[in-house]
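Q: As a plain string of letters, each chain reads:
Protein chains: 2
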Amino acid sequence: MKIYNFSAGPSILPQSTIENTAEAVKNFNGIGLSILEISHRSKEFQAVIDEAVSLFKELLEIPQGYSVLFLGGGASMQFCMVPYNLMEKKAAYLNTGTWASKALKEAKLFGEVVEVASSKESLFNYIPKDYTVPADADYFHITTNNTIYGTEIRKDIDSPVPLVADMSSDIFSRPVDVSKYGLIYGGAQKNLAPAGVAFVVVKEDLLGKVTRPIPTMLDYRTHIKEGSMFNTPPVLPIYSAMETLRWLKGLGGLAAMEKINIEKAALLYDAIDSSRLFVGTAKEEDRSIMNVCFVMKEEYKELEAEFLKFATERGMSGIKGHRSIGGFRASIYNAMPKSGVQALVDCMKEFERTH
Amino acid sequence: MKIYNFSAGPSILPQSTIENTAEAVKNFNGIGLSILEISHRSKEFQAVIDEAVSLFKELLEIPQGYSVLFLGGGASMQFCMVPYNLMEKKAAYLNTGTWASKALKEAKLFGEVVEVASSKESLFNYIPKDYTVPADADYFHITTNNTIYGTEIRKDIDSPVPLVADMSSDIFSRPVDVSKYGLIYGGAQKNLAPAGVAFVVVKEDLLGKVTRPIPTMLDYRTHIKEGSMFNTPPVLPIYSAMETLRWLKGLGGLAAMEKINIEKAALLYDAIDSSRLFVGTAKEEDRSIMNVCFVMKEEYKELEAEFLKFATERGMSGIKGHRSIGGFRASIYNAMPKSGVQALVDCMKEFERTH
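Sequence lines, in order, name chains A and B. Numbered continuously in our numbering, the first sequence closes out at residue 355. Numbered continuously in our numbering, the second sequence closes out at residue 710.
The set of hints was computed from the structure by calculation and includes no laboratory data. Treat the hints with caution; some may be incorrect.
Claimed, not checked - List of simulated lysine-lysine pairs, DSBU-like, C-alpha gap at most 35 Å:
1) A:Lys90 - B:Lys460
2) B:Lys381 - A:Lys108
3) B:Lys457 - A:Lys57
4) A:Lys89 - B:Lys457
5) A:Lys209 - B:Lys444
6) B:Lys381 - A:Lys43
7) B:Lys580 - A:Lys57
To be verified - With the C-beta cut set under 7 Å, the calculated list includes, among others, these residues of chain A facing chain B:
8) Leu13
9) Ser76
10) Gly196
11) Thr232
12) Val235
Nothing here was measured: the structure is a model prediction, and the numbers come from that model. Glycine included, every Cβ here is placed at the ideal spot set by N, Cα and C.
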């Protein structure tokens, strides 16, 4: 049976990324060594990281003055590295969910944190729009996609202070106007690579302004200077990232990718909206095209466990919703083919016919 | 041609680790998904990390009261996490090379650092033994194996204060009396796994004693509490680590491994010591059984480039010495078979016959 991976992350990757990574583990580039054992200082790996950075810049059309880094430690480490490097006195945070809350909590260790708005009171089912960012904040932090709640900021917003965005779960899902951001970061394990590497896109002239001493490994300038090779980088995840970026480019880049993502999301949201049993949880205007969250309507709540079993038996893997909102979550990242979304929709319709 | 990987790290891994990781990338445990895309919260991955931790404890015979962690960021991140968590006022460091120096430098951000001894004046070609550790230091930090210089502390030393050891490049090469250490850490990319994960063995009662606030991701207690799953861990490197630990256990554990390592090292050092052309760089009593460093004797210096070419053409990969001491370095980690060392010795003898 074909298994469709709807997991929120680590999550589905392009078939070419998986196949070429498996081959590289056996014999990398035909050199007789595995990607698991080659030196990060070898010319072969240097070519990999160079190509990954170059494709990253090309696909996102990153302007001059920004660096692209691949670091260990995941997005959670960035929750601390961002204020360590950028906050002198005050920072502003938009609270749109669990991950945004964690980023905000971490920043409090470094100075004054202003929560400009929060949708916590309604279980983060929408993106607050009516807020003011203090003009004296060192930066304004947003989480563009909220995997747990299925909401997304899909337009690049204007900010009076440098904009910092956690794009862990929607990077490369659409074109981004990088010039509107001071720093973009994320864990790679949704749209880019296996777990174990984080990406950072940083405007270089924002750095070096804080007065606190910064540990070497937590200082973005260390990694800019050494091309992400100050220490041994996560070699295999960077190789896989390069493969995914090649796949994205072959597909026609981010405009083409966004078109496909919008079609896939529409297919699933339409099925939910026209359903007798299911209902979406996020406010319509803020719906994510990456994570689609839905539950059974009140009167059918008792069918949730049955549908989960029904769908799992038909190859739908990882659709259980996060424990904080329950129900279902279908993560339909870049690599999820339209046929996978169609299979889930068919499964929902079949269940509806028989229940 | 068979390629022998003598690279200092990332470096050779057991063939079973490479083969089984390649298979897991294609189809993990036969579940129809890749290890690259499975959720770290899946029961299948939980079984992997549980087995890795359990084998880690079993092989090193770790006593009660210690936790084993798998973290992102490499040993370089530990240079900052160790003092962040353990240094209130003062720490002692033994300076035995580049990596020890980097660890020492980082600690200075957090308090007073006493360098108890250094072999820098003789290019770190020996391990200082005549030193006193201040009784009021919060801990004493050593680097057990110095990859660049080919020296090693192969006996577990006694310390009047908690002993902290960077064992990046000799972990699992011999039995260790863990009870003599407060904390052992290292990057996994030598004897354990591909790059992208660090291991930490920490005595729990040493934690929670410093007064500074610690960022969540840098606090060992976070990762102990969450079983290394506070954030998404580096899934594939942990899988590979489990495979390597299974291989080690199958081989008979650390006493058996040490015996093989001593034999391999003796084979190579004997060839160097009886050679007309080559000479070892490290003081004999402090020689590493993991990294064997040697150069051409003064009168044959001009042959170094030629030997490098000669050996590389015969499948000896990664034997160029670190730029700071030149010559050659053969890293003969656990996974290097005796036949690989023999191939290098044969190559050296053939070169000697013809030059």
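Q: Could you run down the list of hints and mark each one as holding or not?
A: Outcome of the hint check:
no., hint, result
1, A:Lys90 - B:Lys460, "holds (29 Å)"
2, B:Lys381 - A:Lys108, "violated (43 Å)"
3, B:Lys457 - A:Lys57, "holds (32 Å)"
4, A:Lys89 - B:Lys457, "holds (30 Å)"
5, A:Lys209 - B:Lys444, "holds (28 Å)"
6, B:Lys381 - A:Lys43, "holds (27 Å)"
7, B:Lys580 - A:Lys57, "violated (38 Å)"
8, Leu13, "holds (5 Å)"
9, Ser76, "holds (4 Å)"
10, Gly196, "holds (3 Å)"
11, Thr232, "holds (5 Å)"
12, Val235, "holds (5 Å)"
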